[in-house]
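From the two separate chains plus the hints, produce the assembled complex.
Chains as they are written, first to last, in my numbering: chain X, 1 to 540; chain G, 1 to 247.
Mixed in with the good hints there might be a few duds.
Quick list of the computed label-pair ranges, beta carbon to beta carbon [to be verified]: (1) X:F522 to G:L190: 41 to 49 Å; (2) G:T220 to X:L294: 31 to 39 Å; (3) G:L34 to X:Q339: 39 to 47 Å.
Computed cross-link-like contacts, SDA-like style, restricted to lysine to any residue with a CA-CA straight-line distance of at most 20 Å [as the list claims (entries may be wrong)]: (4) X:K536 to X:G493; (5) G:K133 to X:R181; (6) G:K133 to X:L224; (7) G:K117 to G:A85; (8) X:K489 to X:I417; (9) G:K26 to X:I182; (10) G:K133 to X:S148; (11) X:K536 to X:N488; (12) G:K26 to X:L110; (13) G:K26 to X:F319; (14) X:K337 to X:V534; (15) G:K133 to X:S149; (16) G:K26 to G:S81; (17) G:K96 to G:R211; (18) G:K96 to G:I206; (19) G:K69 to G:H122; (20) G:K117 to G:Y244; (21) G:K133 to X:K337; (22) G:K133 to X:K536; (23) G:K26 to X:R181; (24) G:K133 to X:K489; (25) X:K337 to X:V326; (26) G:K133 to X:V216; (27) G:K133 to X:P231; (28) G:K133 to X:G493; (29) G:K26 to G:G42; (30) G:K133 to X:I182.
Just so you know, these hints were derived from the structure itself, not from any lab.
A virtual CB, placed ideally from N, CA and C, is assigned to each residue, including glycine.
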Amino acid sequence: MIENEKQNYLTHPKGIMSWLLTLDHKRIGLMYLVSGILFFFMGGLLALGMRLELAAPGNDFISNEQYNNIYTLHGAIMIFLFIIPAIPGALGNILLPLMVGAKDVAFPRLNLASFYIYSFGALFALYTIINGGVDTGWTFYTPYSTQSSSNVVPMTLGIFIIGFSSILTGLNFIATVHKMRIPGLTWYKLPLFVWALYGTSLVQITATPVLAITMVLLMLERFLGIGIFDPALGGDPVLYQHFFWFYSHPAVYIMILPAFGIISEIIPVHSRKKIWGYKFIAYSTLSIAFIGFLVWGHHMFTSGQSVFSQIVFSFITYFVGIPTGVKIFSWILTMYKGQVSFTPPMIYALSFLFLFTIGGLTGIFLGAVALDIHLHDTYFVVAHFHYVMQGGTIVAFLGGLHHWWPKSFGTMYNQTIANICAFGVFLGFNGTFFPQFLLGLRGMPRRYATYSDQFVELHSYSTFWSGILGFSIFFAIVNLFWSFVKKNKVDPGSNPWGGMSLEWTHTSSPPHPHNFETDPVFEHGPYDYDKVIVEKTYKK
Amino acid sequence: MSHDNSSPSFFQHHFHDVEQQYETSKFGMWAFILTEVLTFAGLFVAYIVYRSWYPDMFVGVHKLLDVNKGLLNTVVLITSSLTMALAIWAIQKNLKKLSIFMLTATFVFALAFLGVKYQEYHHKYEVGQLPGKYYSYMGPEVVEVIKDQEKIDYYTSSNNVYFDAETNRLYKTMNNPHIFFSIYFVMTGLHGLHVAIGMGLIAWLIYSTARGNIHQKYYTPMEMIGIFWHLVDLIWIYLFPLFYLIG
Ligand code: HEM
Ligand SMILES: [Cu+2]
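Isolated chain G (complex conformation) (with noise of 0.2 Å):
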């Protein structure tokens, strides 16, 4: 049987059958996926404990993050996520062209995303809103704006927030925000690495189908890569409350 000269091309010799070589792949990416929960476990741990210990500053400090930006990305993943299911839909029903738009979507949305990701970095890197020693923001502008009628509102350059005296006074007295940002970089820094790998074994996807070594008989990769970038796509799902939403 395992030295059938018939075997098709995909398949490995020290399996017994494609079957078994089938559920191992999927077996070990499910593993690998266990792996990556504990790794993200253990930075949540960290926002955890901080955020226990400085609740108020969590709360306050988190207004300087751009929701608008935040719920974008959000979509724009949950849409990469049904982009990828897709493919693996469309190649299982042998639509190899509609398979390789789906993947070509799926790219392009994770590109937007990283490139969102880099407006919110880029723009706290130029006011300082740094990780540890490196941070340097001193606080909100205070700017003063006519709101209905008179009403006046403390507002910060950044990202269009508006703070009102009481944040603004709590933000005065707040202590180490920069820890905040320790862990927003270290998280989402660590998601976008995610994001960039699933990025390249997606290219590496759209090449292996359209030179048909991936195809409707043989589509493990796909469909392993396509739970991996759920697994990206679970975590930011996490990560969006836990940073842009609190309080």
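One chain only, chain X, in its complex shape (with noise of 0.2 Å):
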């Protein structure tokens, strides 16, 4: 066992091929983290950049036409480069094997194909940026991005081909849940985060390929002027925006799953006690994923929708918020009467609760119809998915790296300085977005490089709050990978947070790169406080 365990999957097999050509999830799932927090920073860049413009009304720095490359440069590389592939493809890749007590996921060899086809798509993104941007929003519009001279083609077609990607690990990670569960470990006995990475795949390998084809569509619609999305060769731009909606509503839950299924981890292990409503949790996932499907319309109440068609969309909108509800009262109850340790992850988790509450009722807002005419293509919307995307999403995915960090690579960071920045993610989030929904309210367009004077003391304050923000998730994650230069090594055999899961109780820290040395034998759930007691070890 101890000469064993001496193996890790960091260090052994050693040398630059042996990463490049690595086979193991672990390390496909590092390449994937290190590739998406670069990009995010990259897209963080420019976010700020604007925030700096809009600190005051006028062109100060930045012309009206490099607002739009730079918003549509952000939005699209923060959605199609880091969160979709990123997240999945990095705590996804890590996780899911040593939960389910596998070897490996289900096609390794596939699953680095899936990497590098991630990788090649994004030179296509790098090569936009290089060579000028692209000016269409991050929805790509037609009859616009038909015509538009910036780098649609070049933009699109890395899409495409990071859609590729994300098909293939979605169908791995399928494969994997179903068929490579040791053992006793039933559906209901899953961590809820292999829920939700399943449900997550469910909607990448439906979903994903009606993008694909519609950016086939729109890329032919330049290159051939097939007409389909065209009105003066009798085609339809509105049905580009279906097309795309119907892809891009499903994958906001593609976005938003892993981060429900990373708070399902932390909040009963932070707690110590088991989950509240399990089932509730787990079918919610699903049934998330399978409304998504039906509610794309209400992206396109104004674009001369029919009214019975709003009715509809909008009303099956609000059947979105009975399973994201139940998650979020599950939450909460599994917290009750627990106890609750201040930790790092735990501090990201209760900022999710707060901050996805608010994201998705202001989507219940923007989904019935009155409020949405008056809403629509405001700072409104902008908060809103701000809200669900970063305040969702990012909270829970650095909550979740702080969570796995010690698991994933046998080092601990700083747990003062990640508490201080996770509060300074918590309060330099809301002081930047929050005023967002009130510029929205008072009729603030989105997509603008100005202003006029009246919205000047909102977007100051949410310019200021933007440095706040920025600087913390900068920290948060240097001192993250800080722990690495310092060598702040865990035991091999510890259990910081006292998990319960198989990645905690039966691999070390960093795990071995078969993962387990022994076939791992399923003994408890992984909620089951109740049962068995599970001690927190840490060195020192």
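Below, the structure is given as structure tokens:
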């Protein structure tokens, strides 16, 4: 046991080629993590650039054209290069096989291929940036996207290619969950993060092909003028919107479901209490994935939809709130009478609960047609989706990183700094985006580099806090990686938070190249805090 | 068990046993088929939308397609599905030569399919029945033909299709015929791409079977590519009536 534990996947085997050609899900996960974070920083810098421009009215240092490019790249990078591929790719890859007791994902070679496809697609995105950007918005609406002289084709081609990586990862995960579990680990004994990845993967393999085909049609429209989206040729630009949102609404669940999964792990472990409503959470994941396919029209209330469609889409949109609410209440009830400790992961999880609830509720506001006609394309929408995507997904992602960091890499970060940064993220985030709800309500439209004087107060406030937010995230991540430099190793056998799922109880930190030294035997469920006592162990 | 030295060469060690490996591959393949179905579903939706907008145009313009060639291709592709299935049956029975023969037949049929498709495309290119803004076809050439005592038909140089006076009149008033061709080319083109990819995979199967890497005990790749090939066939079975046989 002891000699064996010295071998871990980070140091064994050695050499650059052993990384580039690795089939080990943990190494592939780490590569996704690093590339994802780089894109996250790149998108973040663009965002801070926009905020700086918006600190005061007028075109202070960014022209309108530049501004169009910046917000498009910001959105496209964050969504298509960071959140969608990198979160399942990083945390999902590292954890899924460990959680189901497998030596690897079902198709390791395919997994590596996914990573390279992602990198290849990312090259197109980088080319777009170097070659002068793209200015259509991340949604690439026709007819403008078929006419714009910016780099629509390289960017959409990049997204098309990255889509394949998403599909292959999804496929791999689904097969892993179905076929690679150890005996005894039945569906209802799976950690909820696995359920979440499963739901995410289902959406990935069913929605992403539609995006792929939409991007193909858009490119054909540009190259060959096939006319499908061009009214001059008898086509319909609104059909593009239907196609796009048929993918992109489900895609918001690709973004949020893994976050739900992370929160479902952090909260019980850091409250040392059995999760409340396991089946509710598990099935709400699936029902969200399903309902998500029926509501795309709520992005098109003002695109000339019939009143009948408006009513139907609005009605179905409200249904999304039910499984979402079920989850939130389950998490809160899990903490009730638990031994809550305010560790960095838990602070992120609590921030998530607060921020995501605001994001979800404002989504319901926007789902009401009468309100949306007023609020569509204003800062209210911007605030809504940042509350769900940044306040929800990215905060959960940061929480997950802090939670599994000692497990994945065998080092512990400075927890005090981590806590301070987590507070900074929470405050900075609210300071940045809450004023944007007010701006939107007062009629400030989105996607403008300048604005009239009445908005200056709220805008400058938002800009100020965005700086705090940026610093906090940056230092939170530096603090994590700093633990490598400081070599602040945890004991290979340690379980710093007292987790109960297989990755905590049966693998060393960092894990062995083959994950488990002996075939793991299923002993207790992932949340059985009422039955078994698991010690928190950590060196010192 | 899993580190048993006697385990067969095709066994991948992250699985528990050979059976799990097989089950997993099959499961993954079916998930992939689902993805494929959704890819085409997007295009079928585009088809439905435009056909419901321009019902007359679809019915009129579809006559410009050559039903005989479409039918020929349908037969060719169905036969190739059969030979693919026979190849799998043969390898199960350890009839290696027969299996290779059947795979080769499948390959040849696939090639024939693409050949016919090429002819169709080429002809459309010549007469300008192209997608979107490249569409330049001006309607059937008016040639008076005496058929069955004096009945005058309009005759189009394209595909030996006869237009009667009524259809011709309809054709002249038809909106946006290029949309039909946009959808036709995108859908059959994507399908053709699948046929071409399938041919590559089948070629690889022929090679691997000949080398002995695929054999009676391990023919999973053949079975998986077989599933893919049946899907390609199935999609064509939908495309054929939707383009060639409407109205
Ligand atoms: C309770 C759940 C949710 C509901 C009811 C909801 C509802 C809506 C509605 C109605 C809009 C359209 C607003 C408009 O353009 O006028 C919208 C926009 C948006 N939502 Fe949500 N949403 C929910 C959750 C989420 C989640 C979880 C995410 C992502 C993680 C998300 C991301 C977005 C994005 C990115 C947009 C703006 C797209 C754009 O126009 O650029 N939403 N949401
Ligand atoms: Cu939506």
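Each hint, compared with the structure:
1. X:F522 to G:L190: 41 to 49 Å: Given range 41 to 49 Å: holds, Cβ gap about 45 Å.
2. G:T220 to X:L294: 31 to 39 Å: The hinted range 31 to 39 Å holds for T220 (chain G) and L294 (chain X), with Cβ atoms some 37 Å apart.
3. G:L34 to X:Q339: 39 to 47 Å: holds, 44 Å
4. X:K536 to X:G493: OK: K536 (chain X) and G493 (chain X) at ~11 Å, within 20 Å.
5. G:K133 to X:R181: Not satisfied, since the Cα-Cα distance of roughly 54 Å exceeds 20 Å.
6. G:K133 to X:L224: Distance of about 7 Å is within 20 Å: holds.
7. G:K117 to G:A85: Outside the cut-off at roughly 24 Å; violated.
8. X:K489 to X:I417: holds, 17 Å
9. G:K26 to X:I182: holds, 19 Å
10. G:K133 to X:S148: holds, 18 Å
11. X:K536 to X:N488: holds, 18 Å
12. G:K26 to X:L110: With Cα atoms ~15 Å apart, K26 (chain G) and L110 (chain X) stay inside 20 Å; holds.
13. G:K26 to X:F319: violated, 35 Å
14. X:K337 to X:V534: Distance of about 18 Å is within 20 Å: holds.
15. G:K133 to X:S149: With Cα atoms ~19 Å apart, K133 (chain G) and S149 (chain X) stay inside 20 Å; holds.
16. G:K26 to G:S81: holds, 18 Å
17. G:K96 to G:R211: holds, 10 Å
18. G:K96 to G:I206: holds, 10 Å
19. G:K69 to G:H122: Roughly 13 Å separates the two Cα atoms, so the pair holds.
20. G:K117 to G:Y244: holds, 13 Å
21. G:K133 to X:K337: violated, 68 Å
22. G:K133 to X:K536: Outside the cut-off at roughly 69 Å; violated.
23. G:K26 to X:R181: holds, 16 Å
24. G:K133 to X:K489: violated, 65 Å
25. X:K337 to X:V326: holds, 19 Å
26. G:K133 to X:V216: This hinted pair holds, its Cα atoms lying about 17 Å apart.
27. G:K133 to X:P231: OK: K133 (chain G) and P231 (chain X) at ~12 Å, within 20 Å.
28. G:K133 to X:G493: Violated - the C-alpha atoms of G493 (chain X) and K133 (chain G) are around 67 Å apart, more than 20 Å.
29. G:K26 to G:G42: Violated, at roughly 25 Å.
30. G:K133 to X:I182: With a Cα-Cα distance of about 58 Å, the restraint between K133 (chain G) and I182 (chain X) is violated, given a limit of 20 Å.
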